[in-house]
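Asker: Next come the chains, spelled out residue by residue.
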Amino acid sequence: MGGGSKVTVVDTLRLTAEDAAGLLEGRELSAAELHRAYLDAISERDGELHCYLRTVDAAEGDGVPIALKDLVSTRGVETTAGSRILAGYVPEFDATVATRCRQAGLPVLGKTNMDEFAMGSSTENSAYGPTHNPWDPTRVPGGSSGGSAAAVAAGLAPWALGSDTGGSIKQPAALCGIVGLRPTYGTVSRYGIVAFASSLDQIGPLTKTVRDCALLYRVVAGRDPCDSTTVEVPPVEIPEAEDLKGLRIGVPTELNEAEGIEPGVSEAVGRAIELARELGAEVGECSLPRSVEFGLPCYYLIAPAEASSNLARYDGVRYAIREPADAYMEMVERTRDAGFGDEPKRRIMLGTYALSAGYFEAYYGQAQKVRTVIADEHRAAFEDFDVLVSPTSPTVAFELGAKTADPLAMYLSDVLTIPANMAGLPGLSIPCGLSDGLPVGLQLIGPQFAENTLFRAGHALERALGFDVVPERYR
Amino acid sequence: MAISREQVEHVARLARLALSEEEIERLGGQLGAILEAVSKVSELDLSDVEPTSHPLDVVNVWRDDEPRPSWPLETALANAPDTEDDAFRVPPTGAARSEA
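As given, the protein sequences belong to chains C and D, one line each in that order.
In terms of the working numbering, the first sequence opens at residue 815 and continues consecutively.
In terms of the working numbering, the second sequence opens at residue 91 and continues consecutively.
Hints in this document: simulated from the structure, not taken from any laboratory.
Note that the Cβ used here is the ideal one computed from N, Cα and C, for glycine as well.
Check the hints yourself; a few may be wrong.
Derived SDA-like pairs (lysine to any residue); straight-line CA-CA distance at most 25 Å [stated by the list, open to error]:
id : chain 1 : residue 1 : chain 2 : residue 2
1  : C       : K1183     : C       : T1043
2  : C       : K1183     : D       : P141
3  : D       : K130      : C       : E1175
4  : C       : K1183     : D       : A123
5  : D       : K130      : C       : D1156
6  : D       : K130      : C       : A1195
7  : C       : K1183     : D       : E140
8  : C       : K1183     : D       : K130
9  : D       : K130      : C       : T1067
10 : C       : K1183     : D       : S129
11 : C       : K1183     : D       : H144
12 : D       : K130      : C       : E1073
13 : D       : K130      : D       : S94
14 : C       : K1183     : C       : R1160
Not everything, but these chain C residues come out facing chain D in the computed CB check (under 7 Å) [unchecked claim]:
id : residue
15 : Y903
16 : P1111
17 : R1136
18 : I1162
Let's have the full structure, built from the sequences with the hints guiding it.
Answerer: This is the structure we're talking about:
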């Protein structure tokens, strides 16, 4: 019997993807054993958290396993986008980002929970039940990529992919105390991603560290012939420098003093900005006069309008559920009413209204012009600064059920993440401290294609801050 | 901004949603409040501003007009709720109800 084999104890709570890659390279354990360690952790802790909708038993690949938000099409693995209308849908193809993960040897651990069709800021809109925040399970993990964010925070995945349309990577990263990148629009393929709003959707990494984030971004980013909206991406630099000398950081007044920002959040962000100064950055104030005030209404016209078009395909004809009816149109209408939850219905109706004859110019047309204003204001700010900073979310994680009665209250969760998204700009959220024992996220916004600047700034701040990403209750 | 019941029903019909009575009332009410909030965009005079439909300055991407393999039929029908021969089967489209 070949005894004496060393048992490597895998502390999934603490292990970064980079650490895990090191273990594999040093042959301290096999990819199958590493995969098994995460499945064991999921058995232990996911009953309480509900990060995963389904897991994949067999490790296909010899690299570091990854969790994928359930709107990433995975061949042979059910993909629901968190909705009943896609229950039982098993894609016959992989999304490009899934293909790239596979080609990089990353085994899929499972598909994570999300707000239905990525519509939401708390993962409470999932048709399959909410995900719970690992820092406090009575609270939300944020959304719509709540399952992915909570999985990384709870050591149930070394890294994960999520999607961000109005802030759905950045905000859950902030609420769960981890790193999340919403990349520049066009740098990551949307082929095979269940579409919400096509001029805004982007896939991005959720990780424990900024270096892990850069590593995963490098795996998935780049032009894709299957997605004509993708472009060539500058070579990704994995950050090393721990200072910020020469970096000009702008603090937009409107983002940092927006209504609804909790004092504890402001304080934590303020301390992080001070730290940036100590690391050598030049910090100054700037203004985005109308971007914050008009960002939310702009988004909640454009995104639902695009969604009303993208969700028209769910008609019970070609895939997933179908409600019985004697006539075609009845079948379509009943299927959609039965399959969609409230939030998609609201947004589909809002979008349909905004695009309908007689209202198009006043609503959608006007929102498109507001979008130009937002892009111009950010461009002007970037003439004097390399990075803009603000809190990612106005609040720390709120309690489950706290905002579900009022859609508008829930929409306000995105007030700080939306403006940059309207301009197609990249945004990185890193944990910068605690408020009342709950994580606070710092948002770093860059000009288009400035991911390397964000990685550099985020990494240096992360090292100086020394934030412990393991939730206190697990230590 | 109240949105009338007729408007809610009209929009639901355009969006192919068979809303229940309860939904028409509840979602209709919420829709009215949301519309009020997003109407804020009309406060700005943007007559001189060009609309943005796409965040990047890109143009159409073309590929060579050469045929490429597509999916076999079984793959395309794999997730179908109902099929007949090589087609998706659906209930008849004949006018079973009038469209006002």
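Asker: Can you confirm whether the C-alpha distance between D:K130 and C:T1067 stays at or below 25 Å?
Answerer: Holds. D:K130 to C:T1067 sits at ~21 Å (cutoff 25 Å).
Asker: Starting from D:K130, check that the Cα of C:E1175 is at most 25 Å away, please.
Answerer: holds, 14 Å
Asker: Does D:S94 lie within 25 Å of D:K130 when you go C-alpha to C-alpha?
Answerer: Distance ~20 Å between D:K130 and D:S94 Cα, so the pair holds.
Asker: Within a Cα-Cα threshold of 25 Å, do C:K1183 and D:S129 meet the stated pairing?
Answerer: holds, 14 Å
Asker: Tell me if the straight-line CA distance from C:K1183 to D:P141 falls inside 25 Å.
Answerer: The hint holds at about 4 Å.
Asker: Given the hint that C:K1183 pairs with D:E140, test it: the Cα-Cα distance must not exceed 25 Å.
Answerer: Holds, because 6 Å separates the two Cα atoms, which is no more than 25 Å.
Asker: Is C:K1183 close enough to D:A123, meaning Cα to Cα at most 25 Å?
Answerer: OK: C:K1183 and D:A123 at ~23 Å, within 25 Å.
Asker: Within a Cα-Cα threshold of 25 Å, do D:K130 and C:E1073 meet the stated pairing?
Answerer: holds, 16 Å
Asker: Under 7 Å is the threshold here; is the Cβ of C:Y903 close enough to any Cβ of chain D for the hint to stand?
Answerer: C:Y903 check passes; min Cβ-Cβ to chain D is 6 Å, inside 7 Å.
Asker: Does the nearest C-beta of chain D fall within a distance shorter than 7 Å of the C-beta of C:R1136?
Answerer: holds, 4 Å
Asker: Taking 25 Å as the top limit, are the C-alpha atoms of D:K130 and C:D1156 close enough?
Answerer: holds, 24 Å
Asker: Between the alpha carbons of C:K1183 and D:H144, is the straight-line distance 25 Å or under?
Answerer: Judged against 25 Å, a Cα distance of about 11 Å means the pair holds.
In summary, this structure violates none of the numbered hints.
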